[in-house]
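Mind docking chain D on chain Z? Use the hints.
Chains as they are written, first to last, in numbering that gives the first Met the number 0: chain Z, 0 to 523; chain D, 0 to 288.
No lab work stands behind these hints, which were simulated from the structure alone.
Keep in mind that a hint or two might mislead.
[Stated by the list, open to error] Derived SDA-like pairs: lysine to any residue, alpha-carbon spacing no greater than 25 Å straight-line: (1) K216(D) <-> M139(Z); (2) K216(D) <-> D287(Z); (3) K216(D) <-> V110(Z).
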Amino acid sequence: MNALDLSGIVKRFGGAAAVDGVSFSVAPGEVLALVGENGAGKSTLISVACGLYRADAGEVRAFGAPLPPGDPRAAIDAGIGVVYQHFMLVGPLSVWENVVLGREPRRSLGVIDGERARREVREAAERFGLELDVGARVEMLGVAAQQRVEIVKQLWRGARVLILDEPTAVLAPREADELVRTVRALAAGGRAVIFISHKLREVLAVADRIAVLRRGRLVQLTPRTETSAGQLAEAVMGKPLAAAPEAAELGLFSAPSRQGAPVPHPTAIPSRGSDILFEARDLACLSDRGRPALHGLSFNLARGEILGVAGVDGNGQSELAEVLTGLRPSSGSLRLNGAEGWARTPAAARAAGVVHLPEDRHRRALCLPLSVEENLALGHQRAPPYARGALIDRKGRSAKARALIAAFDVRPPEPLARAADLSGGNQQKVVAARELAGGPTPRLVVAVQPTRGLDLGAARRVHDALRETAAKGAGILLISLDLDELRFVCRRILVLYEGRAMGDAPPAASDEHLGRMMLGQPGA
Amino acid sequence: MNAILDFAPPLVLAALGGVLSERAGVVNIGLEGMMRFGAFAAAAGSIFSGSPWVGLLCGALAGAASAAVHALLSLRFRADQVVSGIALNLVALGLVTYLLQSVFGSAGVSPPAPALPRDRFGHTAMAYAALLLPVLFHLWLSRTAVGLRVRAVGEHPRAAATLGVRVLPLRALCVMGSGALAGLGGATLSVGILGQFDSRMPAGQGFMALAAMVFGKWTPLGAAGAAFFFAAADALQRQLSFSLHAADLRLEGIFLALPYFLTLLVLAFGIGRTRAPAADGVPYEPEGR
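Chain Z on its own, in the form it takes in the complex:
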């Protein structure tokens, strides 16, 4: 009997089908990988499978029995457990409290049997070889440990079907290898695993069968032995590889070996000591929780250089971007074109020529209810062509918006469309257009995960815009969690660990080399 059967699942959001008639099954002891681009419907599909969303059509069966739609508890009781990409953990609660939440072992009067809960959680973790401090507060744990909490949470609940949504997106390479071993062990123990990823290399290492989703439809389902990275990449994109040279850009087609990087783009200019644009010395700052986020960070950036910043999520990358754009106070020395003091406020940083492509474009880069045209003018609104004197120059603004929309291929090419109505990729094009081409030529570009969640075309457009800006003499700091992206765009990769630089490496450095640095061993 199959562990999980999905048949004819359809789920629409406001008319558009995110999942459109998908059927497949997973057997106990099997690892099924689900691959596809962002927006292909992977996350929506699992939200249906675990009862969080109610499907518009189709049926979910667990071990032969149909599941009532829109009932997460029934799905849990049937043995379906999901580890979400964005962890579903309550930070201020302890590890064991997170694990038992909703199914607490009790004594009389509804009082939780804490002793029993802690013991059971510890045993579950040990049984599957997962190291955990059950009494620790979850928000104090690192990302990899939080992921182990999520897995133990599902196993303790008796999950027999484990769904992992982009589990390696936040892990360093060595941690990802560890996870792959855990997944294989779980399958060997008779559990069914659905492993969702857009990294074909991992998928080929972990899966028994591989399902490809494209635009909400299942386009291919094959055993691992009958496919290859190239063939899968074609299925994911829906066109031959030769027609999609950008494939490498999103790491879709990283070869399974650790041979290193594809050839970097020819317009990337190497760092030259004589032409230093930007210099950070002994940079330090605190995180939102008041703990040191950066300490003693020093690095240089040359004119025209694109410097990659790698690291496991949460090692000071966000804080670094905020310091450079004037959003977070810091100590140490920051020189741009030889001048200091420009990073005290966002206004001063902008005046000095610093532009920002923030990590969270909805909260920080765009005002979603405003039009594309208005969003393009934000931050430049006092100067021509956006303004004339104290008033907005509507004609000038509109003409400039049209030019930017054309140059960055924003679709639909409609200046008065609400920013909220654009797709994520087109929203990011709007941000890139405003920051890189909306005002005077920038001196320093701080781009944080600028292609996260974008389809290949949009990602390529954003990368091209960064290269063009670098070619005009700007320095670019590209902060990303995606090593393949950094390798493709940068000539030099700086690795951050706990707010310090572990050294830099050429893009051809192996995953192992970069991974060691990401876990805190200084590079050569």
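Coordinates of chain D only, in the frame set by chain Z:
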């Protein structure tokens, strides 16, 4: 000391109500209005039944019923929780004044209501409730399964939902429980302390309870401690205003402002870890993305 045990219970109960609602993730500015409904309903219930205990029950029910409106608006219809709470306060102000006029034909005070009995130390049962309830509430929140779920729902409702916890019903129950506690606090004002309803009730005590909740860092014991502290300041102020000459009555304003001033200090300088529950005031949408 006796005065403190007299003045504290309304504040303690309402502050606990605030903690209950906000730990579950629903901002409750409406404590003041819920107390007012509770105070009036308790006086009316006590007068018509002849029993102050029935009055207390009426007060709690009226508080819970008005809180149910807040829950409906802010959870079901996802109205802004602050706006909904303020609206509740305004409705309470108007509606209770109208009811006082139409039921008792008075614009100022109700007829005397049968009051709660006092023991040989001069305390009502509510004084003991104010001492005992915070401890029970603390144990409930920290040790029981439901308490764990309440904390989870106030911090990360989606995480709780993925584990099968029903977020909206749980939040609704907490808001109604919050209203019952605030209503009971209001009832203590009318049938516990004064023995009648006064149209000025609760005279800002609901807001003071909110201040106590923040001052107590959203914990039951902290909020109750802060409420006792504010009640002590209040008692002191009353003593002083008896003994001071009329010219010094302007000092009274300073004492009245003290709780709010202290709360501002705590918020401004973040003494210790002052942090509201992460999802406090954030509407939860079951199919949100």
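Of all the hints given earlier, name the ones this structure violates by number, lowest first.
none
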